[in-house]
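Please construct the entire structure, taking both the sequences and the accompanying hints into account.
So the sequences go chain by chain: G and A.
Quick note, in the numbering used here, the first sequence goes up one by one and the last residue is 207.
Quick note, in the numbering used here, the second sequence goes up one by one and the last residue is 130.
In short, the hints are calculated from the structure, not lab data.
On a predicted model such as this, the values are computed, not experimentally measured, just so you know.
Do not take every clue at face value.
To be verified - Here are the simulated SDA-like pairs of lysine to any residue, each with C-alpha atoms no more than 25 angstroms apart in a straight line:
no., chain 1, residue 1, chain 2, residue 2
1, G, 70, A, 113
2, G, 52, G, 203
3, G, 70, A, 71
4, G, 70, G, 14
5, G, 43, A, 89
Chain by chain, the residues:
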Amino acid sequence: MSVPSETFKSLVKAAAEQVIASAPELTSLDQAIGDGDHGTNMKRGCEAVLGKLDAISAQPLDEAFKMIGKTLVMTVGGASGPLYGSFFLAAGEALSHDKHLPEDLADVFGSAVNAVSARGRSHVGEKTMLDVLVPVLETLKSAAGQPDLIARVRTTATEAVERTAPMQATKGRASFLGARSVGHVDPGARSSCVLVQAVCAGLEARA
Amino acid sequence: MTDTVGIVIVSHSSDIAKGTADMVRQMVGSEVKVAFCGGNPDGGLGTSVPLIIDAINAAWSPKGVAVLVDLGGAETNSEMAVEMLEPARRDLVVVCNAPIVEGAVMAATEAAGGSSLAQVKAVAEELSAD
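And the structure:
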C-alpha cells in the first residue's frame, strides 16, 4: 500500500490552510500565556509550505515529509519551527527506513512524537503540544485497524486540548507564568489539534 | 593572530543582538570573531534558523563557536541550526546556558585569552550557577 501523491497533497493543503485560518485564535491563546506570536509564526510556516506544495508533493513520501519539516524549521521563527519541523523530519526519516503509510501510521507518528519530545526536552503533562500528540499516538495504537479510528482520534485530540487548561506549564515561555498559566488552553496543544483535525477531516472526505 | 573561539549572539530582537555585540566588541576588541542575529524571517521579534546558521558560519573558528541566546525559542532554533550545519562543524558549536549579555561578555573575554570551547562555555555558564 502507499499514499497517492494527490491524497498527500490535499491533506497537506487542508492542514496548512486550517492552521492559517486558526492563526488569530492561536495568537490570542499565546497572548494569554506566551509571547503572542504562535499564530503568526505558524501562519508564516504554513504559507511557506503551501508555496512549495507542488515541489513537495512531487517528491517520494519520505522526502516530502522532510521538505515540510525543513521548510517549517527555516520559516516559522519561533520554537514551534524546530518542534513541528522535527516532527515532520522524523516522520520522513521513519519512512526512509522501511516504514510505510498508511499501515505503519502509529510507528511513524510515534517516531515523530519522540522527536518533538527530544527537541523540546519535554514530556506529557507539561502543557505543551505533546499533551495532544501523545494521546493521539496512544489512540492510533489502541484503535489501529478499527473502523472508527478517525472518529476516535478526533475525539482524543479535542479532549486532550481541553485537558491542558488546568495544567501548570513547566516548559516553554508559559512556564515563566507558573501558576498563572493555569486556566488557559496551551497554544501549541491547540495548533497540534488543528493539524490532527484537518487531516482527519480530509481523510473522512475521501472515505 | 592565533585562533580564538567565535561568539554568536542570538536574540529575539535585532536591537538587543546588535547592542550585545557592540558591548562585547568594546570590551574585547577585534581579537574574537563576534556575529549576531535577531528577529524572525519577516523581521519581527523572534529568531530565524537560516540567520543563525549564517551567523555561526560568519563567526567560524577552527576552535569552535559559542552561541549565547535570550529566550526559549532562540535556544531551540539555535540547537536546530547547529544540527543543520555541515557535519564537520556540528560538534564544534555549543549553545551556552547563560544570560545573553553577561554570558557573551564573559565568553568573549575568556575566548580572547585563547581558551578552548569547553572553557569558554564553562565560564559563561558559571553565571547561571546557583
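Each hint, compared with the structure:
For the hint linking residue 70(G) to residue 113(A), the alpha-carbon distance of about 38 angstroms lies beyond 25 angstroms, and the restraint is violated. Pair hint residue 52(G) plus residue 203(G) holds up; C-alpha atoms about 22 angstroms apart against a cutoff of 25 angstroms. Of the supplied pair hints, the one linking residue 70(G) and residue 71(A) holds, its CA atoms being roughly 22 angstroms apart against a limit of 25 angstroms. A threshold of 25 angstroms between alpha carbons decides the hint, and for residue 70(G) with residue 14(G) the separation of about 19 angstroms falls inside it, so the pair holds.
Of the pairs offered as hints, the one joining residue 43(G) and residue 89(A) is violated, with about 32 angstroms between alpha carbons and a cut-off of 25 angstroms exceeded.
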